[in-house]
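Enquirer: Line order of the protein sequences matches chains V and F.
Using the numbering used here, read the first sequence as starting at 5 and increasing by one per residue.
Using the numbering used here, read the second sequence as starting at 5 and increasing by one per residue.
These are calculated hints, taken from the structure and not from any lab test.
Treat each hint with caution, since some may be false.
It does not matter which identical chain is meant; a pair holds if it fits inside one copy or across any two.
The calculated lysine-lysine pairs, modelled on DSS-like cross-linking and capped at a C-alpha distance of 30 Å, are [stated by the list, open to error]:
id, residue 1, residue 2
1, Lys200, Lys6
2, Lys94, Lys215
3, Lys94, Lys211
4, Lys94, Lys200
5, Lys200, Lys215
6, Lys211, Lys200
7, Lys94, Lys57
8, Lys57, Lys215
Residues per chain, in single letters:
2 protein chains.
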Amino acid sequence: MKNLLTRRSIRRYSDRPVADELLERLLAEASRTQTMGNLQLYSVVVTRSAEMKEMLSPAHFNQPMVREAPVVLTICADFNRTTQWALNRKGHPGYDNMLSFMNAATDALLYTQTLCNLMDEEGLGYCYLGTTLYQPGQIIDILQLPRLTFPVATLTVGWPDECPPMSDRLSTDSFIHHETYRDYTPESIDAFYTAKEQLAENCEFVKVNGKETLAQVFTDIRYTRADNESISAQLLQALRRQGFEPSTSIGDEE
Amino acid sequence: MKNLLTRRSIRRYSDRPVADELLERLLAEASRTQTMGNLQLYSVVVTRSAEMKEMLSPAHFNQPMVREAPVVLTICADFNRTTQWALNRKGHPGYDNMLSFMNAATDALLYTQTLCNLMDEEGLGYCYLGTTLYQPGQIIDILQLPRLTFPVATLTVGWPDECPPMSDRLSTDSFIHHETYRDYTPESIDAFYTAKEQLAENCEFVKVNGKETLAQVFTDIRYTRADNESISAQLLQALRRQGFEPSTSIGDEE
Chain V
5 MKNLLTRRSI RRYSDRPVAD ELLERLLAEA SRTQTMGNLQ LYSVVVTRSA
55 EMKEMLSPAH FNQPMVREAP VVLTICADFN RTTQWALNRK GHPGYDNMLS
105 FMNAATDALL YTQTLCNLMD EEGLGYCYLG TTLYQPGQII DILQLPRLTF
155 PVATLTVGWP DECPPMSDRL STDSFIHHET YRDYTPESID AFYTAKEQLA
205 ENCEFVKVNG KETLAQVFTD IRYTRADNES ISAQLLQALR RQGFEPSTSI
255 GDEE
Chain F
5 MKNLLTRRSI RRYSDRPVAD ELLERLLAEA SRTQTMGNLQ LYSVVVTRSA
55 EMKEMLSPAH FNQPMVREAP VVLTICADFN RTTQWALNRK GHPGYDNMLS
105 FMNAATDALL YTQTLCNLMD EEGLGYCYLG TTLYQPGQII DILQLPRLTF
155 PVATLTVGWP DECPPMSDRL STDSFIHHET YRDYTPESID AFYTAKEQLA
205 ENCEFVKVNG KETLAQVFTD IRYTRADNES ISAQLLQALR RQGFEPSTSI
255 GDEE
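Can you make the complete structure from the sequences, with help from the hints?
Expert: Below, the structure written as structure tokens:
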């Protein structure tokens, strides 16, 4: 697959516009991705207006790519369209629950990744913003996402104006298991992580963060228990608000 | 991207073996996919043994591909490896919560889709089994998946021994929104779904299922409220069992 082995996330974009025709073609081609029951349980909100980018920016912790990219794509899990279809066709939709959210999120994420691979092939740059799950309520308000939709991924898109170093990856041994899951031991953890920990950029990363180990930068600074727990609570609240009841209580009747 | 526009799910496989070298190369290449904080929050369990396929089969409602495919891949959201790493490096991991599950599931699904796109390019056939989320508890037991891992996707893989018709897709108009989400109306639903409903195979599908509309086949037979609600309850129970607490209560200390 062209450019996959040299891909990097691109956060700075040139002035060259991203043509509507190109974007439309890639969004259409990505829809060949498999989808549950061929229901295509996703929607894409395309943001080009400076005003909307400005509004979205705080939801992504003001990462500059949101304001600066020619295009921002918010990919949503979407059971609204299918539900509307069913209601207009004497059906009895029952998709206000956790399984349905996961099914739609799956469809949306698989679609997103085919789109990313297509953009790599075209030489388009993009950055995947994991922040989408951190403040979904803001994104829902700004993009006016109705009940039974939920933003699961954001891509900032444009022609690259940088060529950052490629990031390292763990060896396949570390994440492939044969027949059953072979749990990790202190020895296998050393075998799988030592090379990563010894990279010059990671040593520097530990130093500038004032920590003793690389893992501590992640657990104590970037992705802490306190943040994860408070954001989890907001995520569950946003799921409930959008009608995907994340508990075992019976949801609303459609 | 080679073969994307003619892709179909493949459920029947030839006797030609899937070489370990090829599979290993594709699993490695797919790891170039972006991942949260470069943590690679996924694992892949490779099933080749007939005995393990036999055991997995009921978890996938005995769909024959599971027994018949040369290879079955179960892709898991995995915060166990990262947590083990952190515990061995004086870190303080706090990933036993819903946000962390969603982050790991996202990593796992993006990885899965790059792998699918790579398999398409090689001409390998695969079928994505959405049933993974339906009885995760069984899969967890069979594959011995530890706490902080969760199966999110299964692929049956082999060289194609069939060439089924391609499935239809909705027009991009139906799922692309500009600047804000434009909700659907009875008129737009008609515009987006009528072509699909009039396809000969879909008319036949309605008829053999004894229903009046295509949407009813989905809502009243294939993906019913009763099933969705009972499976949602099991899904939440399995998330809790694996340590990804799907409520706002404080999780266990690591």
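Enquirer: Check the structure against each numbered hint from earlier and tell me which ones fail, lowest number first.
Expert: Checked against the structure, the hints that fail are numbers 7 and 8, while the rest are satisfied.
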